[in-house]
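Chemist: Taken in order, these protein sequences are the chains called A and B. Numbering follows my numbering, in which position 312 of the first sequence is assigned residue number 472; successive positions increment by one, without gaps. Numbering follows my numbering, in which position 103 of the second sequence is assigned residue number 263; successive positions increment by one, without gaps.
One thing to keep in mind: the hints can contain errors.
For chains that are exact copies, the list does not tell them apart, and a pair is met inside one copy or across any two.
Claimed, not checked - Computed list of lysine to any residue pairs in SDA-like fashion (alpha-carbon distance at most 25 Å, straight line):
| hint | residue 1 | residue 2 |
| --- | --- | --- |
| 1 | 459 | 377 |
| 2 | 396 | 254 |
| 3 | 200 | 378 |
| 4 | 407 | 288 |
| 5 | 407 | 341 |
| 6 | 459 | 242 |
| 7 | 407 | 334 |
Source of the hints: derived by calculation from the structure; they are not laboratory data. Every value quoted in this text rests on a predicted model; they were computed, and no experiment measured them.
2 protein chains.
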Amino acid sequence: MTQSSKDVLAIGIDIGGTGTKYGIVNRDGNVLFSGEMSTKKHSTIETFIDELHEQLSVLIERAGGIDRIKGIGMGAPNGNFYTGTIEYAPNLPWKGIIPIAKLVNEKFKLPVVLTNDANAAAIGEMMYGAAKGMKDFIMITLGTGVGSGIVANGQLIYGHDGFAGELGHTIVIPDGRMHEGTGKKGSLESYASATGVRLTALELLENSKEDSLLRTADKENLDSKVVYDAAIKGDKLALQIFEFTGKILGLALANAVMFSSPEAIILFGGLTKAGDLILKPTREHMEENLIQVFQNKVKILVSHLKESDAAILGASALAWEQQ
Amino acid sequence: MTQSSKDVLAIGIDIGGTGTKYGIVNRDGNVLFSGEMSTKKHSTIETFIDELHEQLSVLIERAGGIDRIKGIGMGAPNGNFYTGTIEYAPNLPWKGIIPIAKLVNEKFKLPVVLTNDANAAAIGEMMYGAAKGMKDFIMITLGTGVGSGIVANGQLIYGHDGFAGELGHTIVIPDGRMHEGTGKKGSLESYASATGVRLTALELLENSKEDSLLRTADKENLDSKVVYDAAIKGDKLALQIFEFTGKILGLALANAVMFSSPEAIILFGGLTKAGDLILKPTREHMEENLIQVFQNKVKILVSHLKESDAAILGASALAWEQQ
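Same shape as in the complex, but just chain A:
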């Protein structure tokens, strides 16, 4: 049976520290079927892939069977494009070097391409999103961790070993807050991730005497959503949390701009839902730290792709490009 290329589909899988999103995508960038599962609860890669296969098989059947699928594109923290392995990912439950592309290929009997999750998102933005037509931009994902994908001269920067784009682990505050996953102090991810915002909230609550709605919040669930809800009610401490986070994010963005001079920085992920509460201080502190030649030139944009789609789209784009 032959099929027109219009009928061919690709699978996109986005592995995050907390959850994994997957979907079946057509060439026009429509996510036809999608789902989500926990990453966290799988202490071994084998049970993770078993569940992924089980769940995806249902969607593959619904999409017309495995013969319609060209391949699988995967995005994962520390995912290596060249080797197909995830290596020492601090935010994933699996330690060491995981040959995930090989394992997924054996399970699904489909070609598999892997990259860093943020690189996948960058490709998604370039093909379908806010970076359409741009040749130089940086994608930054503000989720459980902080990831980045750098595009320069119209190409994704993989670096010599496939691991470029770990802006989240660059040190912004020397001897600053300890990152539990890496053991390093003062990295961007320690501040501008979901975990980072939570830690800032807990620290400010402890060190300040200011009255705050956050004092009555359940400490277990104190996340950027809770802080946001308080901030829009004018809670000073909550506003301070965003101001502090934006100050550090802005500094890191300034450093990134002075390095690769992108046309825009595309932000994506939970923290961006706070809108101007986080964007305003981020922009201000970015500009403040830029030397003159870079000032008032770089757009900070928020991804307008549906959060559930963007990473899947980006990952699936890898599958189209494979031979």
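Take the given structure of chain A and dock chain B to it, following the hints.
Modeler: Frame of chain A, contents of chain B only:
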């Protein structure tokens, strides 16, 4: 009269904050004639170009006349490849936007290509030096200022506006030492440049009670050479100056590595003459700040091109590439 391409020559000009080097180069990368003049003493770009023309004209005659010259390649701080202008260079005497490629073209009646001085050096290393055959590396020049040229996927990263590679202005110590040229606090250049080492020496002398050979040195001429001479005699304070500088440089290199994941970092310039005194702490602190996936992978190399040649070679390489 026709000439074989073997006979065609190019001019390379490297404009630094203190001095400007120029030379006439053949296709094999031999600097046939070269010279040097002061940048600093020219408060206007016009008198600078007048002197440059006067000095170079002598060499051009010696090389067989202007008809043998294909073009001029120039490297300068904040030099823009796309527009041919130097824009707001904090370490040059000329402020604002200087259309230097146009002015030099009018004076010499030769095609002119401009880029950032460190970009030019990176091209020189890629064609003739330590980065031969590399597709991903970062060139860092440690001179009056700190410049950088980033090569990824075998291409120089210019950024959307032509100004990529200003690693020297990235902030490594938030609210750190003030940079007189930019007004920004805590940039790499404030510490790891010739000026930076001098300031560190003066600060340490003031804040420490330790006996030191540097206390008897002429404060006016206290530079990395003087510090080096004291350090190799075992002077503790001098050693501390290199340790401190290496700590900050190593941190900045770690951040650069986590961004673009180069195969090597090529260091160039006065500070590298201190050898292991600066390289050892730089390597140590780089490794210390890298997350595991990047550790023990990235070479820190010192350029082995003759200092007077490297920048001229790199700049001249631009002239070969022009149409």
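Chemist: Now look at each hint and say whether the structure bears it out.
Modeler: Results of checking the hints against the structure:
no.	hint	in the structure
1	459 - 377	neither (35 Å within a copy, 49 Å between copies)
2	396 - 254	neither (39 Å within a copy, 46 Å between copies)
3	200 - 378	within (22 Å within a copy, 62 Å between copies)
4	407 - 288	neither (30 Å within a copy, 42 Å between copies)
5	407 - 341	both (23 Å within a copy, 23 Å between copies)
6	459 - 242	between (31 Å within a copy, 20 Å between copies)
7	407 - 334	both (15 Å within a copy, 11 Å between copies)
The earlier numbered hints that this structure contradicts are 1, 2, 4.
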